[in-house]
Amino acid sequence: MPVVIPDIALSLAATEIGLVILICAVIVADMFTSMENKSLMGAFSFFGVVVLGFVALSGWGGGVRTTFSGFYVLDNLSVFVKVVILAATGFTILLSLQYAKIERFNHGEYYVMILFAVFGMLVMASGNDLVSFYLGLETMSISSYVLVSFIRHDPLSREAGLKYFLMGAFASGLLLYGIALVYGLTGTTSLLGIAKTLGGANGAAIGADPVMVLALILIVAGFGFKLAFVPFHMWLPDAYTGAPTSITAFMSVAVKMATVAALMRVFFIAFPSVAGKWNLLLWLLAVLSMVWGNFAAIAQTSLKRMLAYSSIAHAGYVLMGVVATSSFVDGKVVFLPLGVSAVLFYLLAYMVTNLGAFGMLILLCREDYRGDNIEDWRGVGRAHPWAGLAFLIFFLSLAGLPPTAGFVGKLFLFGAAIQNEYYWLAVIGILSSAVSAYYYFRVVMVMYMETRAESQPVVEFSKAPSLLAVLVILVVATLFLGIFPGGFIEAARGSIAGFI
Amino acid sequence: MALTDYPLITWMVFLPLLGGFALMLIQDSDEAGGQRVRAAALIFSLITFLISAAIYYGFQADFAGMQFVERGQWIPRFGISYHVGLDGISLPLILLTTFLTPLTILFSWRDIKSRVRFYHMALLFLETGMLGVFVSLDFFLFYVFWEGMLIPMYLIIGVWGGTRRIYAAVKFFLYTMAGSVLMLVAILWLHFEAGTGTFDILVHLSRPIDPALQGWLFAAFALSFAIKVPLFPFHTWLPDAHVEAPTAGSVILAGVLLKMGTYGLMRLAMPLFPTAAREFATIIMVLAVIGIIYGALVAMVQQDIKKLVAYSSVSHLGFVVLGLFSFTLLGATGGVLQMVNHGISTGALFLIVGMIYSRRHTRQIEDFGGIARAMPVFSIFFVITALGSIGLPGLNGFVGEFTILAGTFSRSIPFGVAATSGVVLAAIYMLWMLQRVLFNGEPSRVNSRLPDLNFREWVVLVPLVVLMFWLGLYPKPILGKIEPSAQAWLRQVNRRVLRVESPRKAPLPQAVLSSSLKGLRP
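First to last, the protein sequences are chains A and B. Our numbering puts the first sequence at residues 1 to 500. Our numbering puts the second sequence at residues 1 to 522.
Only chain B is shown next, with the shape it has when bound in the complex (with noise of 0.2 Å):
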């Protein structure tokens, strides 16, 4: 039996959530109790991020359809299925999920002390809502992971969070909550009007709508996932939810969810509605650029260094954003890319912040200076990730710094320049942070005191950094797998729609639900 025969998809999903339930029966009231809560989750990551790997291992890097496809009937009177797949767009965002997951989990292990089972319940379905989005090819599946994900989120950064955090937990909630109402309608829309009688994305995807009505639609999708990345200016919950949330949940936060937004653009509000994205194209790219420097020069003021990293996630999604609107093959592919590098980069910025934070429990710039010296170790892994995240030739993130750049020169210049200034300030930020919280002169009595990294924080690090190096270097293995569909995805927005004749209560045509079935065959 192939691997592909193996309903491996359905697995990866619902494994975390059967975990999470799992945990349920583990009593977490004493520290035995919690060690074996938090063993459990910790194998209950691991395992999913095994079977993330084995489709990984099956994945056919030259197919740009939908692959390892499951469906089922589920609503059949509304045209509702189970229907999951994943293609080179969506496998380099599950398996970061599933890799992120089980580091932040170790990483947990003494920072949360407080509801142990509780915490590690709501990472597991957590996780479980993010593979979810990233293989749904139903709209009404989506919709319940992307909303399914809100509430362990919010309870993440609204009970183990800072100072501030039911602030924070509850805008973030708001601010996911109000965009995704409208996509909601949208959905609805496409599923009565469009005249399919169905949810099923890839019916949608084959289908042109009319470019009259494109407009409407692309808007309440688009806004609905430009607060999740988050585009300039609906950018503000982020650096509440990233400072106040646990390192675990920034982690989360900066590495998977604001990937639910620029994949939401990828996969469904450009290919649906190709002629509207093309016509907002310049708003957005405007809006990318803003979003790159602005986050690139809020982040250099800042005190916290906890907010300058998440500021900088402001820039960096901008490049994606841009990479993805440049329409080029090249930008596509450097976006998703870049999508996998942030990830990485930022999530281990964030855990390395949650490193010194729980050492000194400040984040003050200015509290720090020459820890160099008491922790050598510590900060070699700091130099590398922020080196990786300023896109430094060799490691992750200048592959897709530089693919995404290049396909916005070859659609415009204008753009590309602004877009550079960008990494140049992105230099100016991290780097300087670097001098003042590692370098510059003797460490205070309290930091040269500061133990340098123990046996499990070294466990989450190394893999990271390993990332970041093999990105850097020999990126082929992982951009072979994406091209391809980056290819099918590039036709997909490039195609011209004439008007479509009354697309109202339009009968289905059995050939198109059929082919669909079998993905979408470049």
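One chain only, chain A, in its complex shape (with noise of 0.2 Å):
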């Protein structure tokens, strides 16, 4: 039997190509490199992160293009995607320079395993079959079990590392086991493949089986373990809390954006004929994250903790963008496009908010003072009337309250499930938001209303340049996105060209 050699344009994974020399070069000039002078190993990667964002730019309005016989595909939405996660990536090792320092974790791997997930995360977003976008979340979670317990020093850090990892390796074996069984319902693993094969003249047969609800039910427990969906949440707290603050911030962005892509992928693409199956199922999950997240982070007295909870609301309030894009007009499912471009969009607004929150709390750390609990914030909006105001921002953000990203992000998935008619997604998921207005504002309460108490540290704000830019810049951000979203809209709008 012949061999047939398919014909590979690798031009199409310039972004990765390009990463993986970067990866190699800071893994060789780090051996060169004096413990001193770690940072200049974040300063070269992201250096190299911001280059490679361009180079991902410009893949932009090519159309959809597939390589790799079919095992990856480079379209709009894979580079709008590709982008949002290296900016949040250049963001993140700016948040990092100065904090490592003070976690005493400055080392050059630590920046090597960022990079190392963040392919992970550009492969997932290219993934056009169930093994390339399993191997891309597979080296995502794997680089993250490091970073999360990187303070190697600090028991929690090294906890949240082991509960994460056996979490994530028990998540991707639920994963793992659906995909065998959707190729074993199917034939193959291909996203089109098993659209075809489920559209055809079996696809009946084959999509009543209750091997593929089973499948079906392992596959969204598996993408429910890794965006940490209601039930499927509970090592995310504790994980968030214990990892390098930086490192929290990054996989709330970073690693929410790569595995909603490719949920999005996965779901539309390979299953639309099954949608009132796995519809049902993400329904569920999104009411009880938008709920549980929210009530849960009313009780945390740890303002990253606090954080952590409402990241799993926010998962919610995603996939209520996802739930919403589905129609059902007598049975045939119709995927409309404005709950993926409000996916996307409210995914980049939480990416400039979230991390400018998480980059509040590094700003308030050093060697001998956390910074993470909310008590610690008490009067600093008083003292320091500029990170008080950069603190309401993100708030006022996170909450969905004008004129910021947040609110014009969920005006946009609350829309979406409007115009589909998903009128009580609407309205619990609105109710909850009003609801985590409650603690959010409890935080802006203690740093305005509350004086600081006599036995607290005076506040020192880190005075690190990389970290100060990075928050105005997103200060900035967060509200420009709020105030002129039109462009972004619009290239979220122009992402889905050819994708559904």
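Simulated from the structure, these hints should not be mistaken for laboratory data. Hints may contain errors.
Below, a sample of chain A positions facing chain B; criterion: calculated Cβ distance under 8 Å [claimed, not checked]:
id : residue
1  : T67
2  : I430
3  : A437
4  : G486
5  : E490
A short list of chain A residues far from chain B (calculated; beta carbon distances all over 12 Å) [claimed, not checked]:
id : residue
6  : F71
7  : G173
8  : P210
9  : Y369
Derived EDC-like pairs: lysine to aspartate or glutamate, alpha-carbon spacing no greater than 20 Å straight-line [as the list claims (entries may be wrong)]:
id : chain 1 : residue 1 : chain 2 : residue 2
10 : B       : K113      : A       : E450
11 : B       : K171      : A       : E450
12 : A       : K38       : A       : E367
13 : A       : K163      : A       : D238
14 : A       : K277      : A       : D209
15 : A       : K277      : A       : E421
Note that beta-carbon positions come from the ideal geometry of N, C-alpha and C, so glycine has one too.
Two chains, two frames, a set of hints: combine them into the complex.
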């Protein structure tokens, strides 16, 4: 039997290839850098990531192109996701430069692991096959296990890493089992191939097979663990609290972006014919996440943990947008573009906002003082009006109040839900978002309305220029996306071209 | 170039915002810096007032549609535009806002000593938010201002308020927030389901909505506004917020913020969903009457002057709602006028309470008595204001209440009778309080040494009292501007909508869009 060498257009994977080169360069350069100068690796990675961002951007508007025998796809959706992920990576690296020294984990490997995780995410964004998607997911996950436990001298961080690892490995197992079942039923792992089989002559029979239902449940559960939807969220508060704050910020936005993009690709491309089944499951997860995430966040005294719970709720909002994309007319599913573009815009808005919120925590952190409890922020708004204002703007955005990015994002998520007549989902979501205003504004209250106790240490903010610059950019971006979202909405809209 | 050709509304709305940012540049670390901040804030708010005066001057009284309209694309993909304009309903409220803000800044001159800059920034941002709500003709814009207003007010109550300020601020915030999110759902429904694909308010006002669906939508809008008004039984945030807020905050809250609720009912909830509004009218009128009587009765037993004034607001706003839901021209015109009247009288009352509090550091009625001897001028102002609030003929409150009651009587006698009892009760609680505070024998030793009004306080009170007399004796100019719009409004809310066939995704007729741009012509 002749072996056919498929035509591989490497140029489509230019970003990923460039990233691998960057990773190798950082590893090599790291060997020749003294312990004091490891921040150079961060700066090096940062510039590399910026360049890669432009490389990724150049793929925009080229239509849907596949390579590696259809394993890999480059379309506007993947470009959008990649650019956002790379932007988040750049911000994260800048957030880390000073913080890594304070928490004493300033090793070159830190940046290498971040870049490895990013590599996984980029592959996920382009994964056009259950296998390539799974490869990306695992690369990302394994790197993040390491990153979470990067503060080696801190037992909390080690515990967080272990928990995350055990749960993550279990979730990967579920997902892989689901993928295997799908392969068994349809004989292919290609997303388009699965859709073709399910939509073909025997499609109805396969779709009705209980094994198919089991496979879908397993895949949804796998995604549920990775994205921490309630009730699969147990690991998240611990992992997010124990991890270095920069990594918490990174995971809450970049991992989410990549995984949601993959989730949409898998479900919208491969399983439209059984949409009624998975949509119901996702509906349930969205409601549980929004409600439980927001209510559990109220009870937190640690700001970092509160933001962790709030990120569960935000995952719920995003999932609401995914659910609201499907419209059922006479039992046939139609995917409407508003939902996907709302999800993409929301993830962008959430990226600038949440990175900013965690960046504020880093701002207060110093050698002998973590500053990640709500109490630590007491009276900060009085003593440091600018920092207070920045945090206020991030909270406004998280709570979904105008004139911020979060408001526009939520508006279109809820709009998508209403357009497709998911009224209950919208009402539950919006009420839970009103609940969330309570705990976000509790911090504002502590910052502005309470005075600092005598026993509390004086507030000293980090003066690292990279950190301050990032925070200023993120504040401006949060407001800009809230007031002039037009161009970004068009971009989010444009990313659907050729997708659904 | 005519006055209407300038983008006056944009200037008026955003000048305070600009001023707020300009204040950032002024250091307020020492006393002199604080004075500079206050002066700058005052100047910005005065210029804003002058712009609004120019708008008043250029306003055509005989035209019922929107005037000074400005429109520009904002987010075309979702039919969001920057669309502002005003008519005879919003004009009085705009003037009220721009008029009260400089007065509150002037009043706070000595009242606010900590974080002067931040305070004035919040006040100016608040002014932009309030003005924005009154001029927005796009739901997105409206909602941005509506929610944006919340934050400065939250901070003003919570940072500069009294002892229970945090509780009051959080309560205020949560109540308002809970109400407005449901309105957002309804707005989104209008956008996506009503088939217009636009957030333009005028387009929506001109399109009938299926009566079968109006109930839910009206409920979502009305709940949000009823909390803001506040209509009984959603009023419980009000006494807390009013009492704990610093004086300037109370003045703005009572003077303008409460009107957002009645204005919203009038501008959006009722004309958008006229059928539902008529169906709900009886329930809402019952709640309004309960509010009138309950507010008055609770005000009567208050020990704290500020709390008394706060509860009197519940009662007075009940009148406004009653007037609107009487679906008569008198009721509507009186309703708008009474919004302004209440803003002036209650604003002045809060200022007066603030003045006495800053002298004596108590607001308990029992701590006073006989201070008319110590502060004769102050007492004259107090009496005039209180009488204006009660509705004594010749003062502002009378005209508004009388027209509202006339409108109510023409629709339903029982409601009219019940509401009239509120007028009597108002006289009881107000006069009784006046008697106990100002008269009632000799002042105690502390009270006899209280200084009378200083120059700054004169400057604050005189314009308000002049307005009370003006609106009471010669309300014609302002009524003449309200009436055409009120008539157009009445036609709008009285129209009968038959069943609308499948509104969903219906294409938008170009004619509707273009006619809406010129305003809703009668």
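Status of the hints after comparison with the structure:
no. : hint                 : result
1   : T67                  : violated (32 Å)
2   : I430                 : holds (5 Å)
3   : A437                 : holds (5 Å)
4   : G486                 : holds (5 Å)
5   : E490                 : holds (6 Å)
6   : F71                  : holds (34 Å)
7   : G173                 : holds (40 Å)
8   : P210                 : holds (37 Å)
9   : Y369                 : holds (26 Å)
10  : K113(B) with E450(A) : holds (17 Å)
11  : K171(B) with E450(A) : holds (16 Å)
12  : K38(A) with E367(A)  : holds (18 Å)
13  : K163(A) with D238(A) : holds (8 Å)
14  : K277(A) with D209(A) : holds (12 Å)
15  : K277(A) with E421(A) : holds (18 Å)
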